[in-house]
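Novice: These protein sequences, in sequence, are chains X and R. Position 159 (the first sequence) corresponds to 159 in my numbering; numbering is contiguous. Position 65 (the second sequence) corresponds to 1065 in my numbering; numbering is contiguous.
I should point out that these hints are in silico values taken from the structure, not numbers from a laboratory. These figures come from a predicted structure and were not determined experimentally. Note that CB positions come from ideal geometry on N, CA and C, so glycine has one too. Worth double-checking, as some hints may not be accurate.
[Unchecked claim] To give an idea of the interface, some chain R residues facing chain X are shown, with a C-beta separation under 10 Å as derived from the structure:
1. Asn1005
2. Val1007
3. Val1016
4. Ala1024
5. Asp1028
6. Leu1080
Chain by chain, the residues:
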Amino acid sequence: MSTTHDDGPLAARVRHVEALLEERGWLADGELDARIDAFAAGGSPANGAAIVARAWVDPGFRERLLADASTAIEELGMSMAAGLQVQPLVAVANTADEHHVVVCTLCSCYPVALLGPSPTWYKSEAYRSRVVRDPRGVLREFGLELPDAVHITVWDASAETRYMVVPRRPEGTDDLSEQELAGLVTRKGLIGTAAV
Amino acid sequence: MSRINDVGGMVGFPAVIEEPDEPAFHADWEAHVFALNGVMLRRGVYNLDEFRDAIERMPPAEYLASSYYEKWFHAITTLLAEKGIATPEELAGG
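Kindly produce the complete structure, drawing on both the sequences and the hints.
Specialist: Right, dumping it as structure tokens:
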């Protein structure tokens, strides 16, 4: 599990390695800042929210998304090709009878280029070890109490496949626009640790 | 045989702790480690599988005591040494 450290010595070690690499021509001046800026401008949970909202209002899109998410998201101008390595995206949809939740037990696989960085808890040994053994209990810790009748499926992401959850459309949202619907969807909803 | 990173189903870890409104990086050095890894991968110094492997073969006690980006930095320096970019002594800064 992660522990709190004094960052001072570590920050100094990172700077030292950077300086060494610059000196030897493996790193150009400003190269790291450019990469950090590109990352900040990259993926975001808003992309996932837009995908979910479209699936809620367009049954045809929902069908295409669940059949082949990597291809379907291109209809929204998004792509899985922005990452360092292209992995197929699989979308799994919650229903009244089934809830999906995503983990990467081995480390931290997550569709970062599409959805932005994953939360720290997603990468924690606590979440990775426990959600596969006691998903219902872990979801309860997140404040998500599911009826016993609801089946829970846990998807273990890997270097080859990334997942996103399509939450259920909340009741009483018939009058909302697609954009307003997207505003309801959270990063946790896209992982499955929240209802929406 | 499984390595220490293969924690799925392992018993004994505590409750999951959520941090509300957490930033993408908690310190500048984390962002630098993230970016440094991206640059090394793009330059072909090592590949993504080698990077994952370098995290996964950390000594178990060190793995469990390290934060996420500490693991990354450990893997980067391990690989820089193994690829002959710099010696462990040079990387440690002495």
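Novice: Now tell me, hint by hint, if it's right for this structure.
Specialist: Each hint, compared with the structure:
no., hint, verdict
1, Asn1005, "holds (5 Å)"
2, Val1007, "holds (4 Å)"
3, Val1016, "holds (5 Å)"
4, Ala1024, "holds (5 Å)"
5, Asp1028, "holds (7 Å)"
6, Leu1080, "holds (7 Å)"
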